[in-house]
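> These are the residues of each chain, in order.
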Amino acid sequence: MAIVVKFFASLRERMGCAETTLDAQQVKTVAEVWQRVADGEPLPANLLMAVNMEYAEADSEVRDGDEVAFFPPVTGGAHDR
Amino acid sequence: MAIVVKFFASLRERMGCAETTLDAQQVKTVAEVWQRVADGEPLPANLLMAVNMEYAEADSEVRDGDEVAFFPPVTGGAHDR
Amino acid sequence: MIVEIRTAPFDPWQELSRRTPDAGGRCGATAVFVGTMRDFNEGVSVREMFLEHYPGMTEKHLETIVEEAVARWELLDALIVHRVGQIRPDETIVLVAAWAAHRAEAFAAARYLIEELKSRAPFWKKESLPQGERWVAKNTPAG
Amino acid sequence: MIVEIRTAPFDPWQELSRRTPDAGGRCGATAVFVGTMRDFNEGVSVREMFLEHYPGMTEKHLETIVEEAVARWELLDALIVHRVGQIRPDETIVLVAAWAAHRAEAFAAARYLIEELKSRAPFWKKESLPQGERWVAKNTPAG
Numbered sequence: 028m029a030i031v032v033k034f035f036a037s038l039r040e041r042m043g044c045a046e047t048t049l050d051a052q053q054v055k056t057v058a059e060v061w062q063r064v065a066d067g068e069p070l071p072a073n074l075l076m077a078v079n080m081e082y083a084e085a086d087s088e089v090r091d092g093d094e095v096a097f098f099p100p101v102t103g104g105a106h107d108r
Numbered sequence: 028m029a030i031v032v033k034f035f036a037s038l039r040e041r042m043g044c045a046e047t048t049l050d051a052q053q054v055k056t057v058a059e060v061w062q063r064v065a066d067g068e069p070l071p072a073n074l075l076m077a078v079n080m081e082y083a084e085a086d087s088e089v090r091d092g093d094e095v096a097f098f099p100p101v102t103g104g105a106h107d108r
Numbered sequence: 441m442i443v444e445i446r447t448a449p450f451d452p453w454q455e456l457s458r459r460t461p462d463a464g465g466r467c468g469a470t471a472v473f474v475g476t477m478r479d480f481n482e483g484v485s486v487r488e489m490f491l492e493h494y495p496g497m498t499e500k501h502l503e504t505i506v507e508e509a510v511a512r513w514e515l516l517d518a519l520i521v522h523r524v525g526q527i528r529p530d531e532t533i534v535l536v537a538a539w540a541a542h543r544a545e546a547f548a549a550a551r552y553l554i555e556e557l558k559s560r561a562p563f564w565k566k567e568s569l570p571q572g573e574r575w576v577a578k579n580t581p582a583g
Numbered sequence: 441m442i443v444e445i446r447t448a449p450f451d452p453w454q455e456l457s458r459r460t461p462d463a464g465g466r467c468g469a470t471a472v473f474v475g476t477m478r479d480f481n482e483g484v485s486v487r488e489m490f491l492e493h494y495p496g497m498t499e500k501h502l503e504t505i506v507e508e509a510v511a512r513w514e515l516l517d518a519l520i521v522h523r524v525g526q527i528r529p530d531e532t533i534v535l536v537a538a539w540a541a542h543r544a545e546a547f548a549a550a551r552y553l554i555e556e557l558k559s560r561a562p563f564w565k566k567e568s569l570p571q572g573e574r575w576v577a578k579n580t581p582a583g
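Chains as they are written, first to last, in this note's numbering: chain E, 28 to 108; chain Z, 28 to 108; chain H, 441 to 583; chain L, 441 to 583.
Just so you know, the hints here were simulated from the structure itself, not pulled from any lab data. Any given hint could turn out to be false.
As the list claims (entries may be wrong) - Result set (BS3-like, lysine-lysine): computed pairs, CA atoms no more than 27 Å apart in a straight line:
#, chain 1, residue 1, chain 2, residue 2
1, H, K566, H, K578
2, L, K578, E, K55
3, L, K578, L, K566
4, H, K578, H, K500
5, H, K500, Z, K55
Make the full structure from the sequences, and use the hints.
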């Protein structure tokens, strides 16, 4: 199996891709996932992370079959303020 | 002309009438209107009063052509608390 | 600005469908409150109620409340529709709505409309209970 | 409890007509908030916006928010319907509703639903301005 990595919104555009996969043996934490996909760019301070669709932290563990996501701060809801 | 006097809700039932008229020459204030219509019963402390559809006080003046109303505390709005 | 007293049942969502103002891109937030008749009040079962009002004064009073809300929160529009007469459980008693640019104003205005309406507008409730009729003595606190 | 993501325009009042729970005399209060797209944001004219979400996580998150509100205010029911994709001015972005016995709970729950949704749920806005597109950097305060 593998780890699926997803990017959203402005980060998706910047990465030039919405989704990639990693060999699970190469990574143990979300931070390590970021290192593998970001070409050595440090983890942006305000980036949000999720593992299996729950918010996670940089040191959260990842395992084979997990879905890891990175995205900018949320800006949803109504366009009312 | 004359002064029209109205009663609402439990007061209307207690007075046995929804509306009566008074000769305007006999009364100068809301309190005097009450005295004429209530057979000498003192003005109940929590009774609300209006002159020409605006809330008024016992000592508010009344004039020929005015509409004076007496009613219990309001209990309107939704039945939700 | 709309204030209406109704003697027949009405559907609040149909009212809102008809009434939503054409705000031309300026309306970001609509807050709505609907009060419905419950079949239970202060521990007793209520089969029906009669809501009395003071024709003329009640409308005037509701209009004042709406004008106050529109001015205070710079609303695009506001609405009160209120039932009177015989009302049964699950029927709508009151609908209030506030249209604003932003949600804080819309929520605050809708809350103001319903609280002012309950504390000041001339309406009186008489409940039909299994043991007979009773005038409701006074509103319990807003809670 | 209903949570739905929509890719096409929807009418909030029609949704509410279809969804109003049969509360059997127990519902005294319904509070509703509707967020609509404005054509102006932070001083610039907005012609259109694109709302991105995280399919799966967004729904899961909204369901959690609804469950929290229902538990905390003992709601009879609650609802969130949210648009995604290309959205034009005057179209509905979000509808939240809370059904309760009493109005204080209904208002508090509706407010909670929309504030939590805005601060935590995975949605991202990209605005189409006369001078080009821009991702909205972050939500301004609830105010």
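> Which hints, by number, does the structure contradict?
2
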